[in-house]
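Model the placement of chain R on the given structure of chain Z, informed by the hints.
Chain by chain, the residues:
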Amino acid sequence: MLTSKDLSFQYPDGERFQFPDLSCGAGETRLLLGKSGSGKTTMLQLLAGLRRPASGDVIINGQSLGALSGTALDEFRGKHIGMIFQTAHFVRALTVAENLRLAQQLSGKAFAASRMYGLLEQLDLQHKANALPGKLSVGQQQRVAIARALINEPAVLFADEPTSALDDENTAQVVSLLTEQAKMVGATLLIVTHDNRLTSLIPQQTRL
Amino acid sequence: MNLLRLSWKNLTFKPLNALLSVLLFALSIGLISLLVSLRKQADEQFDNNLAGIDLVVGAKGSPLELTLNSMYHVGYATGNIQLGKVKAFFNPKHPIVEDVVPLSVGDSYKGYRIVGTQPKILDWYGASLGSGQLWQHDFEVVVGEEVARVHDLSLGATFKSNHGIIDEGEENNIEHDDDFTVVGILAPSGTVMDQLVLTTNQTYWHSHEGHDEAGDDEAEHHHQAHDHTADHAPASLLEEDPEREITSLLVRYRNASSFQALNFPRNINENTELLAANPAYEISEVRRQFDSGQRILGMLVLAITVVSALSIFIALFSSLRERRYELALLRTMGAGRGKLFLLIILEGIIVATIGYVLGLLLSHGILSVMAANISDDFRYSLSPWRLLPEEGWLLVAALGIGFLAAVIPAIQAANTDIAETLTEN
Numbered sequence: 001m002l003t004s005k006d007l008s009f010q011y012p013d014g015e016r017f018q019f020p021d022l023s024c025g026a027g028e029t030r031l032l033l034g035k036s037g038s039g040k041t042t043m044l045q046l047l048a049g050l051r052r053p054a055s056g057d058v059i060i061n062g063q064s065l066g067a068l069s070g071t072a073l074d075e076f077r078g079k080h081i082g083m084i085f086q087t088a089h090f091v092r093a094l095t096v097a098e099n100l101r102l103a104q105q106l107s108g109k110a111f112a113a114s115r116m117y118g119l120l121e122q123l124d125l126q127h128k129a130n131a132l133p134g135k136l137s138v139g140q141q142q143r144v145a146i147a148r149a150l151i152n153e154p155a156v157l158f159a160d161e162p163t164s165a166l167d168d169e170n171t172a173q174v175v176s177l178l179t180e181q182a183k184m185v186g187a188t189l190l191i192v193t194h195d196n197r198l199t200s201l202i203p204q205q206t207r208l
Numbered sequence: 209m210n211l212l213r214l215s216w217k218n219l220t221f222k223p224l225n226a227l228l229s230v231l232l233f234a235l236s237i238g239l240i241s242l243l244v245s246l247r248k249q250a251d252e253q254f255d256n257n258l259a260g261i262d263l264v265v266g267a268k269g270s271p272l273e274l275t276l277n278s279m280y281h282v283g284y285a286t287g288n289i290q291l292g293k294v295k296a297f298f299n300p301k302h303p304i305v306e307d308v309v310p311l312s313v314g315d316s317y318k319g320y321r322i323v324g325t326q327p328k329i330l331d332w333y334g335a336s337l338g339s340g341q342l343w344q345h346d347f348e349v350v351v352g353e354e355v356a357r358v359h360d361l362s363l364g365a366t367f368k369s370n371h372g373i374i375d376e377g378e379e380n381n382i383e384h385d386d387d388f389t390v391v392g393i394l395a396p397s398g399t400v401m402d403q404l405v406l407t408t409n410q411t412y413w414h415s416h417e418g419h420d421e422a423g424d425d426e427a428e429h430h431h432q433a434h435d436h437t438a439d440h441a442p443a444s445l446l447e448e449d450p451e452r453e454i455t456s457l458l459v460r461y462r463n464a465s466s467f468q469a470l471n472f473p474r475n476i477n478e479n480t481e482l483l484a485a486n487p488a489y490e491i492s493e494v495r496r497q498f499d500s501g502q503r504i505l506g507m508l509v510l511a512i513t514v515v516s517a518l519s520i521f522i523a524l525f526s527s528l529r530e531r532r533y534e535l536a537l538l539r540t541m542g543a544g545r546g547k548l549f550l551l552i553i554l555e556g557i558i559v560a561t562i563g564y565v566l567g568l569l570l571s572h573g574i575l576s577v578m579a580a581n582i583s584d585d586f587r588y589s590l591s592p593w594r595l596l597p598e599e600g601w602l603l604v605a606a607l608g609i610g611f612l613a614a615v616i617p618a619i620q621a622a623n624t625d626i627a628e629t630l631t632e633n
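If you're matching them up, the sequences are chains Z and R in order.
Take the first sequence: its position 118, counted from the start at 1, is 118 in this note's numbering, and no numbers get skipped.
Take the second sequence: its position 42, counted from the start at 1, is 250 in this note's numbering, and no numbers get skipped.
Chain Z on its own, in the form it takes in the complex:
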């Protein structure tokens, strides 16, 4: 469950964005489309609580993000929000398995090896568990990022241009994995993109 109302944001340099209201149910997948510079990423960051809006509020699973502050917001994010970025980033000193484990622990949940290895297997990464992320291909890295975003079974999954660095084959695979996995954990999936390959795959769309 993800809803937003009257969201707006003001950059210090004066640029101001007003965003449309959103309301997504559990298990729903939606595209957030817009040209570059339209504020897509800014809206995603507001929705994920990475920035504070100038006005309006975001509600995830009944919790208003505006009412949370500091560490409480960080913890809420760790528990209920999964994020996937354009390029996958990891703690470079840790292996794939350790990165996933870290995500689990930072969210405050107990380490569940079965959940981790199950995910890795579904994403065809079981043989890469002990590899350093830097040694993986771009497509593999993006799949590990998906695994990391999903490992805590979040209420909302945000993906910021997850396919822009991938070829067609990997794009199709990543999108199907994302939608499938989001459904499996009952998460709302919001994909921010300007990638036209996705518009034909996902009918629910919001344009900025």
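The reader is advised that the hints may include incorrect statements.
Lysine-lysine pairs mimicking DSSO-like chemistry, simulated, CA-CA at most 27 Å apart [what the hints assert, rightly or not]:
| # | chain 1 | residue 1 | chain 2 | residue 2 |
| --- | --- | --- | --- | --- |
| 1 | Z | Lys-135 | Z | Lys-5 |
| 2 | Z | Lys-135 | R | Lys-268 |
| 3 | Z | Lys-79 | R | Lys-547 |
| 4 | R | Lys-217 | Z | Lys-135 |
| 5 | Z | Lys-79 | Z | Lys-183 |
| 6 | R | Lys-547 | Z | Lys-109 |
| 7 | R | Lys-217 | Z | Lys-79 |
| 8 | R | Lys-328 | R | Lys-293 |
| 9 | Z | Lys-109 | R | Lys-217 |
| 10 | R | Lys-293 | R | Lys-268 |
Just so you have them, the derived chain Z footprint on chain R, three or more residues with Cβ under 8 Å [what the hints assert, rightly or not]:
| # | segment |
| --- | --- |
| 11 | 478-484 |
| 12 | 536-544 |
Residues from chain Z that face chain R, not an exhaustive set, calculated with beta carbons under 10 Å [claimed, not checked]:
| # | residue |
| --- | --- |
| 13 | Arg-51 |
| 14 | Gly-70 |
| 15 | Phe-76 |
| 16 | Gly-78 |
| 17 | Ile-81 |
| 18 | Gln-105 |
Calculated from the structure, these hints are not laboratory results.
For each residue, glycine too, the CB sits at the ideal point set by N, CA and C.
Chain R only, in chain Z's frame:
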């Protein structure tokens, strides 16, 4: 995956970045620990051997040399003095002198000095017999604990002495002809007594006569007649020929703060052919020299410490620049600012801790190498692996420096702006 492990993984992922910091830190900790240990053990060595001695009397020369030779058995004697010139010191009714111990030095046994003296020196130094009995007759010896241990001497063992106080190797040694017999072994006392071979003053005269008149049959016979005979206890020194020589006297005052006692050394130095040295004064001179050397080294160490702290700071700071995205990522995964702060602080503290451990290994390693050399030259037995309470404080200081060096990078890490960093790309 707790924070400590994460910090450790981050550090070891690029170990070369942290290596310089660790080595510099180890160097500074090592030098501090070395200075503190040497100072502490030197002080103790000085203090343990003070033995309540108020004055050392010997032949004219350097008072420091006289003190070091007579009390610490280091360096050379200033010369010998005739018994006749110092008889007054033995007078039990002497108004200033309460008691006196005569010393005869100059010979050695395999690098350990043989000292002709009287058994009461053990009481002065707080040493006691571990086994056997005190030396009563000429050519009977009581050996210090270290001497017995190193040269495997047991009660009843016999050996020949070397002329001179330095072990010059088998070929260069001039041996005296007479056999010394071990009648007692001292218990360890932590004083210079551990490293001495004790016998009577008279033994020196006999062994040197024998040496001087080598080849003289009559003298040899004379020796055999009078050596090691139970009925021949040496006479009191006062009854000996006043022409006979000893090396020095250790003197205790009746009242060290009396006016006469304060003027006593100057009177001796100005009015007699003797040299009187005040050990407390001479030792404080040595300490003063030590102090000024230590001050210079201390400044050097301070400079190295500052540089090593800076190096930790710079290493963390530059690694943060590379890891900005990683830190932002940790925030999106639920790590609060406090955790990021702690993560970086822990990296500083890990570097400091490793540096501390390496530093202690370095300093005590150097000490153990020194201990082997120093014992022969300076009668100074170092305990190289003894840890001092100061070194506990050094750990606290090391952790403090690690913390301080990391605190600015850590604040920066805690203040990472997630949204800005993630959109930078």
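Review point. Any CB of chain R closer than 10 Å to the CB of Z:Ile-81?
Key: Check passed: Cβ of Z:Ile-81 comes within 8 Å of chain R, closer than 10 Å.
Check your understanding: Given Z:Phe-76 was flagged as interface, is its beta-carbon under 10 Å from a beta-carbon of chain R?
Key -> This interface hint holds because 8 Å falls under the 10 Å limit.
Point to revise | Agreement of R:Lys-293 and R:Lys-268 with the hint, judged by alpha carbon distance not exceeding 27 Å | key: Satisfied, since the Cα-Cα distance of roughly 13 Å is no more than 27 Å.
Review point. Under the criterion of a CB-CB separation shorter than 10 Å, is Z:Arg-51 in contact with chain R as hinted?
Key: holds (5 Å)
Point to revise | Distance restraint between Z:Lys-135 and R:Lys-268, which requires alpha-carbon spacing of 27 Å or less | key: violated (81 Å)
Point to revise | Holds or violated: R:Lys-217 to Z:Lys-135, with C-alpha atoms at most 27 Å apart | key: holds (17 Å)
Check your understanding: Are there at least three residues in the segment 536-544 of chain R whose beta carbon sits under 8 Å from a beta carbon of chain Z?
Key -> With 8 residues closer than 8 Å to chain Z, the segment 536-544 of chain R meets the three-residue bar; holds.
Check your understanding: For the pair supplied as a hint, Z:Lys-79 and Z:Lys-183, is the alpha-carbon distance within the 27 Å limit?
Key -> holds (18 Å)
Review point. Is the shortest C-beta separation between Z:Gly-78 and chain R less than 10 Å?
Key: holds (2 Å)
Exercise for review: Quick one: see if chain Z covers the segment 478-484 of chain R, three-plus residues with Cβ-Cβ under 8 Å.
Suggested key: violated (count 0)
Check your understanding: Regarding the pair Z:Lys-79 and R:Lys-547, is the alpha-carbon distance no greater than 27 Å?
Key -> Distance ~16 Å between Z:Lys-79 and R:Lys-547 Cα, so the pair holds.
**Study point:** Interface restraint verdict for Z:Gly-70 against chain R (beta-carbon cut-off 10 Å)
**Key:** holds (7 Å)
This entry does not satisfy hints 1, 2 and 11, going by the numbered hints stated previously.
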